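S.K.: Chains as they are written, first to last, in the working numbering: chain A, 1 to 155; chain B, 1 to 155; chain C, 1 to 155.
You may find that some hints are simply not true.
What the hints assert, rightly or not - 25 Å max Cα-Cα, derived BS3-like pairs, lysine-lysine:
id, chain 1, residue 1, chain 2, residue 2
1, A, Lys6, B, Lys6
2, C, Lys6, A, Lys6
3, C, Lys6, B, Lys6
Hints were generated in silico from the structure; no laboratory data involved. Fair warning: this is a prediction, and the values are worked out from it, not measured in the lab.
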Amino acid sequence: MDISEKLFAIEEIKQLKGRYFRLMDTKQWDALRSVFCDDATFDARASLSIDGAGESGRAAESNDWVYQGGDNIIAFIRGAIGNSRTIHHGHCHEVEILADDEACGVIAMEDQILTEDGSVLTLHGCGHYHETYRRVNGAWRIHTSRITRLQVNLG
Amino acid sequence: MDISEKLFAIEEIKQLKGRYFRLMDTKQWDALRSVFCDDATFDARASLSIDGAGESGRAAESNDWVYQGGDNIIAFIRGAIGNSRTIHHGHCHEVEILADDEACGVIAMEDQILTEDGSVLTLHGCGHYHETYRRVNGAWRIHTSRITRLQVNLG
Amino acid sequence: MDISEKLFAIEEIKQLKGRYFRLMDTKQWDALRSVFCDDATFDARASLSIDGAGESGRAAESNDWVYQGGDNIIAFIRGAIGNSRTIHHGHCHEVEILADDEACGVIAMEDQILTEDGSVLTLHGCGHYHETYRRVNGAWRIHTSRITRLQVNLG
Chain A
1 MDISEKLFAI EEIKQLKGRY FRLMDTKQWD ALRSVFCDDA TFDARASLSI
51 DGAGESGRAA ESNDWVYQGG DNIIAFIRGA IGNSRTIHHG HCHEVEILAD
101 DEACGVIAME DQILTEDGSV LTLHGCGHYH ETYRRVNGAW RIHTSRITRL
151 QVNLG
Chain B
1 MDISEKLFAI EEIKQLKGRY FRLMDTKQWD ALRSVFCDDA TFDARASLSI
51 DGAGESGRAA ESNDWVYQGG DNIIAFIRGA IGNSRTIHHG HCHEVEILAD
101 DEACGVIAME DQILTEDGSV LTLHGCGHYH ETYRRVNGAW RIHTSRITRL
151 QVNLG
Chain C
1 MDISEKLFAI EEIKQLKGRY FRLMDTKQWD ALRSVFCDDA TFDARASLSI
51 DGAGESGRAA ESNDWVYQGG DNIIAFIRGA IGNSRTIHHG HCHEVEILAD
101 DEACGVIAME DQILTEDGSV LTLHGCGHYH ETYRRVNGAW RIHTSRITRL
151 QVNLG
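Modelling step: build the complete structure from the supplied sequences, incorporating the hints.
M.R.: The structure is reproduced here in structure tokens:
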């Protein structure tokens with residue numbers, strides 16, 4: 001890949017992650033499916049990335065939420081937040097192209113989960129997604145995604 | 001446009017939106033005018049993008065805030081937030097170049113409006129801008145902008 | 001620089017700032033050192049960018065936090081937040097390439113500082129970094145960084 005192709009791939013991967021956030025928060029589940037590879041892995045255990053963090057930060061650590069396969073990942077996400085109002089924001093996506101069809105990246109995030117009527121904030125956290133991407137039939141998709149957390153508060 | 005020109009246009013449009021947020025929050029109204037086309041449309045009705053959302057989410061829906069023309073848009077924005085302290089953040093701008101001088105995009109946002117002394121948060125919302133852009137005399141500008149909301153709280 | 005080289009430099013500078021936030025929040029101090037030039041300046045006085053802002057906004061203004069040199073900057077940052085839990089987010093980085101190895105930029109930010117156990121939010125602010133960058137031995141680094149604030153609350 002020349003420099004322009006590399007930059008274009010980086011831009012496509014940034015937009016891929018933009019769609020991930022937007023399609024999740026607007027509950028477009030079928031379209032959300034297309035951001036993941038068929039053999040994707042999603043690790044939502046959300047272990048803390050800072051030693052010594054307190055109880056509020058460790059809240060999500062007891063979960064064992066690792067999902068294999070694009071369909072299972074979407075089923076998990078729908079089960080977790082299907083009827084909740086959610087807001088996910090991504091910040092400063094750092095993408096590295098590793099090969100013609102392989103890339104990795106880290107993106108900071110903030111996530112909020114509210115009750116269906118928006119009246120109660122049940123989860124408010126910040127952290128990072130650590131990801132790998134693959135280009136399949138010309139379209140970049142998320143191949144692996146692992147969440148680490150700086151902070152999480154449960155309402 | 002070749003791939004580099006397309007990427008450059010995408011970058012220019014991202015910076016255009018960066019200026020929109022920054023010039024608004026630092027109250028540089030004359031400079032803010034220049035991010036809009038003369039015949040721009042700004043639809044701030046902020047209808048919710050999720051069915052079944054509750055009262056707090058629907059709060060802004062009763063407004064009929066659609067403004068035509070760059071000058072009217074700036075007058076509206078100044079009237080709405082001129083003396084308030086505001087913080088607007090944009091996330092994961094997805095830009096698509098449609099033609100040499102035409103583009104469209106979606107960007108996630110969070111907006112906060114506080115009283116002049118910053119002591120009371122009067123509005124705190126999240127949502128998306130759905131926009132089109134035009135290149136006029138070599139400079140990209142916002143041609144149409146429509147807000148949808150995931151959530152809004154009025155203080 | 002041609003258009004592709006310019007875009008690549010912009011992307012490298014955006015990733016530089018992404019590392020700045022991420023390495024600070026994950027407390028990787030040695031790696032954080034590498035984002036700054038040896039002769040960098042960091043102006044953290046955080047004066048408000050809006051006239052007439054109230055007391056909560058002016059809280060940080062009495063500090064005289066200007067640091068010279070990459071080592072001193074890291075020592076200052078470690079001293080200020082070494083044991084605290086922190087979350088820093090950057091938004092809409094506007095980067096301009098001025099010469100082959102010189103650039104400037106503005107990036108919106110939100111910063112949160114919490115106690116070590118994450119239970120109390122001691123500072124929550126928003127504002128902008130106004131920066132210059134230099135390419136040293138092929139790697140972009142922050143040469144000068146100055147914070148302005150839209151809002152800050154001390155807990």
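S.K.: Determine for every hint whether it applies to the structure shown.
M.R.: Consistency of the hints with the structure:
no. : hint            : in the structure
1   : A:Lys6 - B:Lys6 : holds, 13 Å
2   : C:Lys6 - A:Lys6 : holds, 13 Å
3   : C:Lys6 - B:Lys6 : holds, 13 Å
Hint check: no violations occur; every hint is consistent with the structure.
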